[in-house]
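*Asks:* Quick note on our numbering: the sequence shown kicks off at 3 and runs consecutively.
What follows is a set of in silico ranges between Cβ atoms, one per label pair, in the way DEER data are often shown:
hint, residue 1, residue 2, range
1, L57, Q82, 36 to 42 Å
2, D36, E14, 31 to 37 Å
3, L57, L34, 32 to 38 Å
4, S18, M58, 55 to 61 Å
5, K75, Q40, 49 to 55 Å
6, A54, S28, 37 to 43 Å
7, K39, E61, 31 to 37 Å
With a Cα cut of at most 20 Å, we get these calculated SDA-like pairs of lysine to any residue:
hint, residue 1, residue 2
8, K35, N25
9, K46, D36
10, K45, L34
11, K75, N63
12, K73, K85
13, K46, G56
14, K45, G56
15, K42, L52
16, K16, R26
17, K45, F55
18, K75, Q64
19, K75, K85
20, K75, I88
21, K42, A54
22, K39, E49
23, K51, L62
24, K85, D74
25, K35, F24
26, K51, Q40
27, K16, L27
28, K53, L65
29, K51, L41
30, K75, G87
31, K53, N63
32, K69, L57
33, K69, T59
34, K51, E61
35, K69, I80
36, K69, M58
37, K51, N63
38, K53, Q64
39, K11, V21
40, K53, S43
If you're looking for bench data, these hints aren't it; they were derived computationally from the structure. Glycine included, every Cβ here is placed at the ideal spot set by N, Cα and C.
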Amino acid sequence: MTTEIERIKILEGKISQIVEHFNRLSSENARLKDEVKQLKSEKKELEEKLKAFGLMTEELNQLRQEKEAVKDKLEALIAQIEKLGI
3 MTTEIERIKI
13 LEGKISQIVE
23 HFNRLSSENA
33 RLKDEVKQLK
43 SEKKELEEKL
53 KAFGLMTEEL
63 NQLRQEKEAV
73 KDKLEALIAQ
83 IEKLGI
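Make a model of the complete structure from these sequences and hints.
*Replies:* Structure follows, in structure tokens:
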């Protein structure tokens, strides 16, 4: 049969374990919050880069179309000059 003092020491040990576990969980929670913050920042940065990439892709496609139109016009002009025999 355990005495009151022994039971108090057992309880004290269990409370110490709970406090240690709580402290570990608090530290891990803080680390995870920092990680979430960093990941959100990275996500925002990647979304901005993706948007910029999309805009550049649109501009590139437009420039390709313009290049093709200029090429077609030049070919038409060359054909007209050739008809003139110059």
